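Chains as they are written, first to last, in the numbering used here: chain A, 1 to 386; chain B, 1001 to 1291.
The hints are simulated quantities; they were obtained by calculation from the structure and are not laboratory data.
Treat the numbers as computed from the prediction; the structure is a model and nothing was measured.
Do not rely on the hints blindly, as some may be mistaken.
Calculated lysine-lysine pairs in the BS3-like style (CA-CA distance at most 27 Å, straight line) [stated by the list, open to error]: (1) B:Lys1260 with A:Lys118; (2) B:Lys1243 with A:Lys213; (3) B:Lys1260 with A:Lys117; (4) A:Lys118 with B:Lys1243; (5) B:Lys1115 with B:Lys1166; (6) B:Lys1260 with A:Lys378; (7) B:Lys1029 with A:Lys378; (8) A:Lys244 with A:Lys159; (9) B:Lys1243 with A:Lys378; (10) A:Lys379 with B:Lys1115; (11) A:Lys55 with A:Lys118; (12) A:Lys117 with B:Lys1243; (13) B:Lys1029 with B:Lys1132; (14) B:Lys1076 with A:Lys292; (15) A:Lys118 with B:Lys1043; (16) A:Lys117 with B:Lys1132; (17) B:Lys1029 with A:Lys241; (18) A:Lys118 with B:Lys1132; (19) B:Lys1111 with A:Lys118; (20) A:Lys55 with B:Lys1076; (21) A:Lys206 with A:Lys63; (22) A:Lys55 with A:Lys26; (23) A:Lys118 with A:Lys90; (24) B:Lys1029 with A:Lys117; (25) B:Lys1243 with A:Lys241; (26) B:Lys1132 with B:Lys1076; (27) B:Lys1010 with A:Lys90; (28) A:Lys117 with A:Lys60; (29) A:Lys292 with A:Lys55; (30) A:Lys144 with B:Lys1111; (31) B:Lys1243 with A:Lys26; (32) A:Lys144 with B:Lys1132; (33) A:Lys117 with A:Lys90.
Some residues of chain A that are not near chain B, with every Cβ distance over 10 Å (derived) [said to hold, decoys possible]: (34) Lys60; (35) Pro83; (36) His84; (37) Pro149; (38) Ala169; (39) Gln181; (40) Asp217.
Ideal Cβ positions, reconstructed from N, Cα and C, are used throughout, including at glycine.
Residue-level listing of the chains:
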Amino acid sequence: MDLLEYQGKELFARHGLPVPKGVHAKTADAAVDASEALGYPVAVKAQVLIGGRGKAGGIKIAKDGTEAHEYAGEIIGMDIVGPHGEGPFKVHELWVEAGSEIESEFYASVILDRSAKKLMVMLSRMGGMDVEAIAASDPEALVKHHVDPLGGLGEDEAKQIAAQAKIPAEVADQVAAVLVQLVEVARAEDATLIEVNPLIVNADGKVVLLDAKVTIDGNAMFRHPELEELPESADQDPQEKMAKERGLTYVSLDGNIGILGNGAGLCMSTLDVVAQAGGRPANFLDAGGGSKAEAIIDALEVITSNPEVTAILFNIFGGITRCDEVARGIIEATNKIGLTLPLVVRLDGTNSEEGLALLAEAGLPNLHHEATMLGAAKKVVELAGN
Amino acid sequence: MSIIIDNDTKLVVSGLTGREGSFHGLRNKAYGTRLVAGVTPGKGGQDVEGTPVFNTIEESVSEAGANTAMIFVPAKFAAGSINEAIDSGVDTVIAITEGIPVMDMLPTYWKAREKGVRLIGPNCPGVLSPGKANVGIIPAQFFDQGRIGVVSKSGTLTYQIGNELKQAGEGNSTIVGIGGDPIIGSDFIDILTLFDADPETDLIVMVGEIGGDAEERAAEFIAAEISKPVVAYIAGFTAPPGKQMGHAGAIISGSSGTAKAKQEALEAKGVRVGESPTEAARIAVETLRSM
């Protein structure tokens, strides 16, 4: 689960980390009220789950109410595309923050290093730019340090990291303290990524966390009911939202072929095979192990709620899942929701003969059976059109 | 031979009295796996269809001679159960449970390494050595005994490839599901090493997916250390960045962890990569028959 900047900063503040004062706002008028309360200048910041907001025009400094109103109006409704082509993300909410006078900008992060199987702290004197750019332009300027998996980050260890990153001596202890605390936040809040870019020194010589990018491990949400209750980003894709409410694993894509597979790997592979056959998948949907009628009805309702979808592919390889149960589910779901879109079904594995017999008997006019994954992909591409 | 599990495996199932644990534990037993014990705290002294239940994994080792533990405990408590198994004296722990927090797995991973216990998973379908033993949820009917080792991050994709190999008349020494989580006990490299040393394995099929860099590291390792041919398949070429594709570990972060980068890394080291599971199975069969 990715947190918006303001949610991340609220999390930091709860752990005693220094963040600027700010107010959450959803309209230009509310942004002006917030600005008046905070005092000018203020930073009006788009709240979207992607980096590169500054470059995209999603962060502006307002020095009076007129500017605050104007900038907030511009930013709300803006589409922001990430540095790697992510999105676009539409801006629905703002974080209005007391302006900070920036003397220097650093970069700090704590990430889960999957290769090393440890948390890794990164620190650089060159803040404000993309970490990949820092690493590319001057690898030595980015200090990387693995944290002992059985303990936290020690104070002396953190001071060494700051010294190695050539953080100026007068703020090195403050930066070190921030690193220690960020590792604590990662461990206590199950954060697999915390990025603070920039970490600044303000005009008073204080170190302040000016941005917050935080990812919480979805598997650990049971330990963080307060995070679970955070309002969902209003920009959430309608199908993804619907799928989440129904407990389905679903990712929206931008094509026209609805996909349902069982198992994450098989489902990803199905998307690839459809793309190779010249088609454009509309989604990833892992129906999981138990593909009972209820689950298939839920899945089909989510897939068909996307108006772009012109054909659907079911790719099922039954292991524990029984194909006859899946077939019953397909028939029941098709009848219940009155599905008329072409539906290509590939059903293999446990009880596939019984399942195929049931499908043949039902004689659904829009249902096409294919014996192989590749055959099914070709067929659905042909039926989907462009 | 075969790797990890065989006729000498004596299995204890942590969570045997639960619905999933008993269903799969008894299926494994029906396959021929020597299921010697179950463990559920507070239920020691009971039995599940004749298999004795103990309060602790350690008791199952001392009383019933268990040497392999399978973990079917709910995610909240699973890391605790894995830790218990690591301390119990078994030499292999196979964790099926999905959804264990990564912060729980970090110390557990290092504990297993430190104690020299082989940990497979979590969030994996388990291990199957056809004709010998099955520990986990892999449906054995799609795999024949043979000379191809399979190591995979994905369950159903493995069944798909196993079935294609079977239809082509080939079988497997062992199938290892290493799991789709960001932190797993054994990586491609660990399993490739075991297959390379196994006299019953002639060729290895490796099934990867987006996220992390285990496939890239495996590519380097194959070039340097593995003498047997390896055929690969990678899923997730159409996955968008920043989206978790089902498995907790299947996510492209920024520009790293893409299927294309993994394919290129493997091909650069001479590993043939199939475009689809079907093609990967075909290449494996062809390569095996030309050896």
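Tested hints:
For the proposed pair B:Lys1260 and A:Lys118, the alpha carbon gap of about 26 Å is at most 27 Å, so the pair holds. Distance hint between B:Lys1243 and A:Lys213 is fulfilled; the C-alpha atoms sit about 16 Å from each other, no more than 27 Å. For the hint pairing B:Lys1260 with A:Lys117, the CA-to-CA distance comes to about 24 Å; that is within 27 Å, so the pair holds. Only pairs whose Cα atoms come within 27 Å are accepted, and A:Lys118 paired with B:Lys1243 is accepted, the gap being roughly 22 Å.
The hinted pair formed by B:Lys1115 and B:Lys1166 fails the criterion: a straight-line CA distance of about 37 Å is larger than 27 Å. For a cut-off of 27 Å, the pair hint linking B:Lys1260 to A:Lys378 stands: about 22 Å separates their Cα positions. Simply put, B:Lys1029 and A:Lys378 have alpha-carbon atoms about 41 Å apart, too far for the 27 Å limit, and the pair is violated. A C-alpha spacing of about 43 Å is found between A:Lys244 and A:Lys159, which places the hinted pair above 27 Å, so the restraint is violated.
Among the hinted pairs, B:Lys1243 with A:Lys378 is consistent with the structure: their alpha-carbon atoms are about 26 Å apart, no more than 27 Å. For the suggested pair A:Lys379 and B:Lys1115, the alpha carbons sit about 52 Å apart, so the restraint of at most 27 Å is broken. Using a Cα cut-off of 27 Å, the hinted pair A:Lys55 and A:Lys118 is violated, with the two alpha carbons roughly 32 Å apart. Proposed proximity of A:Lys117 and B:Lys1243 is supported: the alpha carbons are some 21 Å apart, at most 27 Å.
With a C-alpha separation of about 11 Å, the suggested pair B:Lys1029 and B:Lys1132 falls inside the 27 Å cut-off, and the hint holds. A distance of roughly 26 Å separates the Cα atoms of B:Lys1076 and A:Lys292; the hinted pair therefore holds under the 27 Å criterion. As the CA atoms of A:Lys118 and B:Lys1043 are separated by approximately 36 Å, the hinted pair breaks the 27 Å bound. With a C-alpha separation of about 33 Å, the suggested pair A:Lys117 and B:Lys1132 falls outside the 27 Å cut-off, and the hint is violated.
This hinted pair does not check out: B:Lys1029 and A:Lys241 have alpha carbons roughly 41 Å apart, beyond 27 Å. Proposed proximity of A:Lys118 and B:Lys1132 is contradicted: the alpha carbons are some 36 Å apart, above 27 Å. Distance hint between B:Lys1111 and A:Lys118 is fulfilled; the C-alpha atoms sit about 13 Å from each other, no more than 27 Å. Of the pairs offered as hints, the one joining A:Lys55 and B:Lys1076 is violated, with about 42 Å between alpha carbons and a cut-off of 27 Å exceeded.
Between the alpha carbons of A:Lys206 and A:Lys63 the distance comes to roughly 22 Å, so the proposed pair stays at or under 27 Å and holds. Our distance criterion of 27 Å between C-alpha atoms is met by A:Lys55 and A:Lys26, whose separation comes to about 21 Å. For the proposed pair A:Lys118 and A:Lys90, the alpha carbon gap of about 35 Å is over 27 Å, so the pair is violated. With a CA separation close to 34 Å, the supplied pair B:Lys1029 and A:Lys117 exceeds the 27 Å bound.
With a CA separation close to 14 Å, the supplied pair B:Lys1243 and A:Lys241 stays within the 27 Å bound. Of the supplied pair hints, the one linking B:Lys1132 and B:Lys1076 is violated, its CA atoms being roughly 32 Å apart against a limit of 27 Å. Restraint check for B:Lys1010 and A:Lys90: not satisfied, since their Cα atoms lie roughly 56 Å apart, outside the 27 Å limit. Distance hint between A:Lys117 and A:Lys60 is unfulfilled; the C-alpha atoms sit about 39 Å from each other, more than 27 Å.
The suggested pairing of A:Lys292 with A:Lys55 is violated, with an alpha-carbon distance near 48 Å, which exceeds 27 Å. A threshold of 27 Å between alpha carbons decides the hint, and for A:Lys144 with B:Lys1111 the separation of about 24 Å falls inside it, so the pair holds. Proposed proximity of B:Lys1243 and A:Lys26 is supported: the alpha carbons are some 26 Å apart, at most 27 Å. In summary, the hint linking A:Lys144 to B:Lys1132 is not supported, as the alpha carbons are separated by about 46 Å, beyond the 27 Å threshold.
The suggested pairing of A:Lys117 with A:Lys90 is violated, with an alpha-carbon distance near 35 Å, which exceeds 27 Å. Here A:Lys60 stays apart from chain B, with its beta-carbon at least about 25 Å from theirs, past the 10 Å limit. For A:Pro83, the non-interface assignment is contradicted: its Cβ lies about 8 Å from the closest Cβ of chain B, within the 10 Å cut-off. With 10 Å as the threshold on Cβ separation, the claim that A:His84 sits away from chain B is violated: the shortest Cβ distance comes to roughly 5 Å.
Its beta-carbon lying about 5 Å from the closest one in chain B, A:Pro149 breaks the requirement of being farther than 10 Å from that chain. Taking the minimum C-beta to C-beta distance to chain B, about 33 Å, the non-interface status of A:Ala169 holds against the 10 Å cut. With a minimum CB-CB distance of about 16 Å to chain B, A:Gln181 clears the 10 Å threshold, and the non-interface call stands. Chain B draws A:Asp217 into its interface by the beta-carbon criterion, the shortest separation being 5 Å against a cut-off of 10 Å.
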